[in-house]
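The residues making up each chain are set out below.
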Amino acid sequence: MRQVYMDYSATTPVKEEVLQEMIPYFTEKFGNASSIYSTGRQAKHEMDAARKRITDRLHCAPEELYFTSGGSEADNWAIKGIAKARRSKGNHIITSKIEHHAVLHVCETLEKEGFDVTYLDVDAKGFVDPKAVEAAITDQTILITVMYINNEIGTIEPIVEIGEIARKHQIVFHTDAVQALGNLPIDLSQLPVDLMSFSAHKVYGPKGVGALYVRKGIRLPNLIEGGAQERRRRAGTENVAGIVGFAKAVDLAYDHFDEHVERLIAMRERLIEGLLDSIPDTRVSGDRKQRHPGNVHVCFKYIEGESILLSLDMMGIAGSSGSACTSGSLDPSHVLMAIGLGHDIAHGSLRLTIGDFTTEDDIDYVLEQLPPIIDRLRRMSPLYEQAKGAE
Amino acid sequence: MRQVYMDYSATTPVKEEVLQEMIPYFTEKFGNASSIYSTGRQAKHEMDAARKRITDRLHCAPEELYFTSGGSEADNWAIKGIAKARRSKGNHIITSKIEHHAVLHVCETLEKEGFDVTYLDVDAKGFVDPKAVEAAITDQTILITVMYINNEIGTIEPIVEIGEIARKHQIVFHTDAVQALGNLPIDLSQLPVDLMSFSAHKVYGPKGVGALYVRKGIRLPNLIEGGAQERRRRAGTENVAGIVGFAKAVDLAYDHFDEHVERLIAMRERLIEGLLDSIPDTRVSGDRKQRHPGNVHVCFKYIEGESILLSLDMMGIAGSSGSACTSGSLDPSHVLMAIGLGHDIAHGSLRLTIGDFTTEDDIDYVLEQLPPIIDRLRRMSPLYEQAKGAE
Amino acid sequence: MNKRKGQNKMYTEIVMDHFTNPRNVGEIENAEGMGEVGNVKCGDIMRIYLRINADEIIEDIKFKTFGCGSAIAASSIATVIVKGKSVKDALQLTNKQVVDALGGLPPVKVHCSVLAEQALKAAIYDYAKKFGKEYPELEGFDPDADDDHHDLIEEIGEF
Amino acid sequence: MNKRKGQNKMYTEIVMDHFTNPRNVGEIENAEGMGEVGNVKCGDIMRIYLRINADEIIEDIKFKTFGCGSAIAASSIATVIVKGKSVKDALQLTNKQVVDALGGLPPVKVHCSVLAEQALKAAIYDYAKKFGKEYPELEGFDPDADDDHHDLIEEIGEF
Ligand SMILES: Cc1ncc(COP(=O)(O)O)c(C=O)c1O
Ligand SMILES: Cc1ncc(COP(=O)(O)O)c(C=O)c1O
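Protein chains in written order, with this note's numbering: chain A, 1 to 391; chain B, 1001 to 1391; chain C, 2001 to 2159; chain D, 3001 to 3159.
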């Protein structure tokens, strides 16, 4: 059967070129990057080169980027670290209601430890209002954390405005850029951001590798303590293969950036329009312009997301309903609640995220398969019957 | 030039069979293990199978093993987590002076946060005395953490006795088994251990993957919060390739366990004896029997370790002086200080750790190359001159 | 016990079959009994219609379900199990039987089988009320109770 | 500035050359000046012997060093630089010159160049004391000061 993967925001395949760069570091160039002998120094050298490849793309100094085990660790480190470092200055944190759980759950834990957290509302398209950020600031505010691109509905947040407000008030600003890397140009020499989280597996790099950008001058206690790796800031034998793969992935992403974005946006629009045309009672979530280039997020009234996913899966199509992390529990997604959707419609959400291996044929296939699936499920649904009866 | 790698305790190459098992998970079977569609479920299935392959070897339940990004994260999680969970019961932690920095630095941080930590002395061979453990217990003691095998001098600690004492006093017992995995049989159905840390790259698996065993019933707050991965206890998209590689590495280790241990011990003994025979003023550290099968640790009086390493490196031999993690700073190792060595002798330490790819020829080569190196350096040393003058 | 072990499928073949080709989907006009349980908030609603004859035999049964794959499959198999049975026998249906008939459900989905049992009970309750019948099995049953079955389940966890 | 950039070597070729073939290793009997700095604790000890003639020219110089590769190389190159120079000129030697002559040192190893400068000064100090000489450059110099040069260095960090 035809296989159509449309869950690139959950994870991406490692590109062949990336894998090829990684392979020598498993078996031949396996030396411990903290060791003094040649193979160790070589590993260290190539790891530092990888770091520089990435920071060149992000326009920051290599000393400002620390490798982690992924986006979640980066988020945890940034938020817990700033909370700890700046506890004596205040106990207030500002975030939004649509952050990834790696941000939200950390904030909730901090609340239990005596922090006050403001979870900002977003508008119907998922935008955080910079004015609301400013209004939430108190003399206790030590950290603002608002994501760059929402992983579920694809909305691009106004982080420049938010960062400028943070700067004006001398508050540390963190942004989770896990979905932004490779999908937006990121220029840290211009962005008013102090900490930024990244993950390799969202840009065709390996899983289990990420990074945290920490602007020079920002004090951040360690999350994982031990050996002197990462200039004493993140302990643990360095995952050199993973780091080299991450660098190659970032290189590929930005070497072909315009092409990638253009292609994705064209396909994304065709898919959204196609679904709206062929399936009634369909609602697009998020903003149509300020949007992740590969994100299609729709809600189909009267039916439930998992049954859509299962039906799609039977046709070889991989999608998600809400964030990949939460789809295990299938609670109505906190993001969809935050944009004001009712439970009935939020439960019928479908996220299809496209990427570099998506083809026009894939779009056609989904446009062909999805309408009858939705129709079949609706005909089984008591809600549909009620609604149609009431018309 | 001949290349002889003798730093297996720092890291190991990934075995070819391990790499082959990993490769499909990068490019084909790349699905997010938390997703609902087939490729995701397949990833989850194979990850759970990997978990079971490992827990079958360790004789514990799959529900008791959580994957991490390595040994350091496992140590941090265990110690910080228990400290947090049991803070209301007491604030005292017992550990030893020869733990890995991933344990010691966490304990030091906890001290700053109001915990009392007892760092137990060890004897001249590096053994922690279980009686000293028991004597250190107060009504505030909530955690004992003593490593299974010391990474530097290879001493195997009496964790059964220590664990029994912990159990008697209802204190949680954690052990860092990073160096023990694959080098000792580990039967968690018998061992009185509540938490145990592991790392894949020490057993011919990939870097950036590890695990924490958490005995059923032990409450442990998360270190990395966010998505619901690892049964909600360790957030972050699962590194399926790494986890599958880890499982294969553990399988290989225990499939060939007796053979591996026998071979290593024979070579280790030949190397130790050979060095003692050919180089005067040489001291073996640690115990000669209760010892990591591949660990050779010696101190050469009157000279400094880095110059030995450099000289060895020029002959293609990779060794370390002190733990790989600390060799960057070349402070006298805390382990060697703890076993009572003077600075003069501690600085002249050399760790050669052998592994599955070490050959008898490698041993011969080192026995041939090392004596003239030591001699040359000694003849440059003002300490040697003094000592010989005084004789 | 756990039929999923060793498979990489989330659901058994039986669940997938009933999800793909659900039996007895639909409505019954002027049904003797009709019951609905669940709510939109939880993401599952099951409605069951019963055609019951004078001998208290379930002559026909239909369902409509808003919910996940296992909710649909559980509804379908529950209707198959009780169709043709007496009301008394149908009241013996437990969620465990539904789970077993499906060849197992993942722990987080067990609540769907509870819903199916409850929807059937609610429909019979409606019938009993309408036709003045009393069944000891329905004692204490409240079709509008609306428990959040999820709570119970979360504890089991998913591996 | 940092000659290591773009290389995967820890040390430059010059450092490795002086480490492998150190010049002027040894002792001088009845040396006019002898100085030793560093201590076992820090892991570096450098001893320098000077043969100084009546014209205050360093006719010969020898060293013995206990320490890492860069300590040995720094000692060696320092002896090469000052051999044949006047004491006054030798006193101008800075650790920076030693670093430069070696083609650079990793930040954490810069203290070795400081040690070399200090060892030379200590030897000249000894000579000055013995022969009743005064050099303004030695004002405030204490050969036994024993600073922990590491402190200073650690800040620079290693990347
Ligand atoms: C005893 C011990 N514990 C912990 C670690 C840390 O493991 P990792 O490098 O996987 O973080 C190591 C090795 O570096 C070790 O030898
Ligand atoms: C916005 C966002 N933040 C954080 C994460 C977590 O990243 P990782 O899975 O690498 O831990 C993800 C993806 O899972 C994400 O989409």
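Just so you know, these hints were derived from the structure itself, not from any lab. From a predicted model like this one, the values you see are computed outputs, not experimental measurements. The reader is advised that the hints may include incorrect statements.
As the list claims (entries may be wrong) - Computed, partial: chain A to chain C, Cβ under 7 Å:
| id | residue |
| --- | --- |
| 1 | N222 |
| 2 | E304 |
| 3 | E306 |
| 4 | S307 |
| 5 | L310 |
| 6 | H347 |
| 7 | M380 |
| 8 | P382 |
| 9 | L383 |
Said to hold, decoys possible - Below, computed lysine-lysine pairings styled on BS3-like, alpha-carbon distance capped at 25 Å:
| id | chain 1 | residue 1 | chain 2 | residue 2 |
| --- | --- | --- | --- | --- |
| 10 | B | K1112 | A | K112 |
| 11 | B | K1084 | A | K89 |
| 12 | B | K1388 | D | K3041 |
| 13 | D | K3009 | A | K29 |
| 14 | A | K29 | A | K131 |
| 15 | D | K3062 | D | K3009 |
| 16 | B | K1301 | D | K3133 |
| 17 | D | K3041 | D | K3133 |
| 18 | A | K97 | C | K2041 |
| 19 | C | K2009 | B | K1029 |
| 20 | B | K1089 | A | K84 |
| 21 | D | K3062 | B | K1301 |
| 22 | A | K84 | B | K1029 |
| 23 | D | K3041 | B | K1125 |
| 24 | A | K216 | A | K89 |
| 25 | A | K301 | A | K388 |
| 26 | C | K2062 | A | K388 |
| 27 | C | K2009 | A | K388 |
| 28 | D | K3088 | B | K1388 |
| 29 | D | K3041 | B | K1097 |
| 30 | D | K3096 | D | K3130 |
| 31 | A | K112 | B | K1089 |
| 32 | A | K125 | C | K2041 |
Beta carbons: idealized from backbone N, C-alpha and C, even for Gly.
Going through the hints against the structure:
1. The closest approach between the C-beta of N222 (chain A) and any C-beta of chain C is roughly 31 Å, which is over the 7 Å cut-off, so the hint fails.
2. The interface hint given for E304 (chain A) is met, as the beta carbon of that residue sits about 5 Å from the closest beta carbon of chain C, less than 7 Å.
3. Checking E306 (chain A) against chain C: minimum C-beta separation of about 4 Å stays under 7 Å; hint holds.
4. Using the Cβ-Cβ criterion of 7 Å, the hint placing S307 (chain A) at the interface with chain C is satisfied: the shortest such distance is roughly 5 Å.
5. With its C-beta approaching chain C no nearer than about 4 Å, L310 (chain A) sits inside the 7 Å limit, and its interface hint holds.
6. Checking H347 (chain A) against chain C by beta carbon gives a least distance of about 5 Å; that is within 7 Å, so the hint holds.
7. The closest approach between the C-beta of M380 (chain A) and any C-beta of chain C is roughly 5 Å, which is under the 7 Å cut-off, so the hint is satisfied.
8. The closest approach between the C-beta of P382 (chain A) and any C-beta of chain C is roughly 4 Å, which is under the 7 Å cut-off, so the hint is satisfied.
9. For L383 (chain A), the interface hint holds, the least distance from its beta-carbon to any beta-carbon of chain C being 5 Å, beneath 7 Å.
10. Using a Cα cut-off of 25 Å, the hinted pair K1112 (chain B) and K112 (chain A) holds, with the two alpha carbons roughly 20 Å apart.
11. Between the alpha carbons of K1084 (chain B) and K89 (chain A) the distance comes to roughly 23 Å, so the proposed pair stays at or under 25 Å and holds.
12. A C-alpha spacing of about 20 Å is found between K1388 (chain B) and K3041 (chain D), which places the hinted pair at or below 25 Å, so the restraint holds.
13. Our distance criterion of 25 Å between C-alpha atoms is met by K3009 (chain D) and K29 (chain A), whose separation comes to about 15 Å.
14. For the hint linking K29 (chain A) to K131 (chain A), the alpha-carbon distance of about 51 Å lies beyond 25 Å, and the restraint is violated.
15. Distance restraint check for K3062 (chain D) and K3009 (chain D): the Cα-Cα separation of roughly 28 Å exceeds the 25 Å cut-off, and the hinted pair is therefore not satisfied.
16. Between K1301 (chain B) and K3133 (chain D), the direct Cα distance comes to roughly 38 Å. Violation of the 25 Å bound is thereby established for this hinted pair.
17. Note on K3041 (chain D) and K3133 (chain D): the hinted pairing is violated, with a Cα-Cα distance of about 32 Å set against a maximum of 25 Å.
18. Distance restraint check for K97 (chain A) and K2041 (chain C): the Cα-Cα separation of roughly 19 Å lies within the 25 Å cut-off, and the hinted pair is therefore satisfied.
19. The hinted pair formed by K2009 (chain C) and K1029 (chain B) meets the criterion: a straight-line CA distance of about 15 Å does not exceed 25 Å.
20. Under the criterion of a C-alpha separation no larger than 25 Å, the hint pairing K1089 (chain B) with K84 (chain A) is consistent with the structure, at around 23 Å.
21. Proposed proximity of K3062 (chain D) and K1301 (chain B) is supported: the alpha carbons are some 22 Å apart, at most 25 Å.
22. At most 25 Å may separate the alpha-carbon atoms for a hinted pair to count; K84 (chain A) and K1029 (chain B) exceed this at roughly 39 Å.
23. Restraint check: the Cα-Cα separation between K3041 (chain D) and K1125 (chain B) comes to about 22 Å, which is no more than 25 Å; the hinted pair holds.
24. Our distance criterion of 25 Å between C-alpha atoms is met by K216 (chain A) and K89 (chain A), whose separation comes to about 20 Å.
25. Of the pairs offered as hints, the one joining K301 (chain A) and K388 (chain A) holds, with about 12 Å between alpha carbons and a cut-off of 25 Å not exceeded.
26. Taken as a hint, the K2062 (chain C) and K388 (chain A) pair is honoured in the structure, with Cα atoms around 19 Å apart against an allowance of 25 Å.
27. As the CA atoms of K2009 (chain C) and K388 (chain A) are separated by approximately 35 Å, the hinted pair breaks the 25 Å bound.
28. Restraint check for K3088 (chain D) and K1388 (chain B): the C-alpha separation of about 35 Å exceeds 25 Å, so the hint is violated.
29. Annotation: proposed proximity of K3041 (chain D) to K1097 (chain B) holds, straight-line Cα distance about 19 Å (limit 25 Å).
30. A threshold of 25 Å between alpha carbons decides the hint, and for K3096 (chain D) with K3130 (chain D) the separation of about 29 Å lies outside it, so the pair is violated.
31. Proposed proximity of K112 (chain A) and K1089 (chain B) is supported: the alpha carbons are some 18 Å apart, at most 25 Å.
32. This hinted pair checks out: K125 (chain A) and K2041 (chain C) have alpha carbons roughly 22 Å apart, not beyond 25 Å.
Checked against the numbered hints listed earlier, the structure breaks hints 1, 14, 15, 16, 17, 22, 27, 28, 30; every other hint is satisfied.
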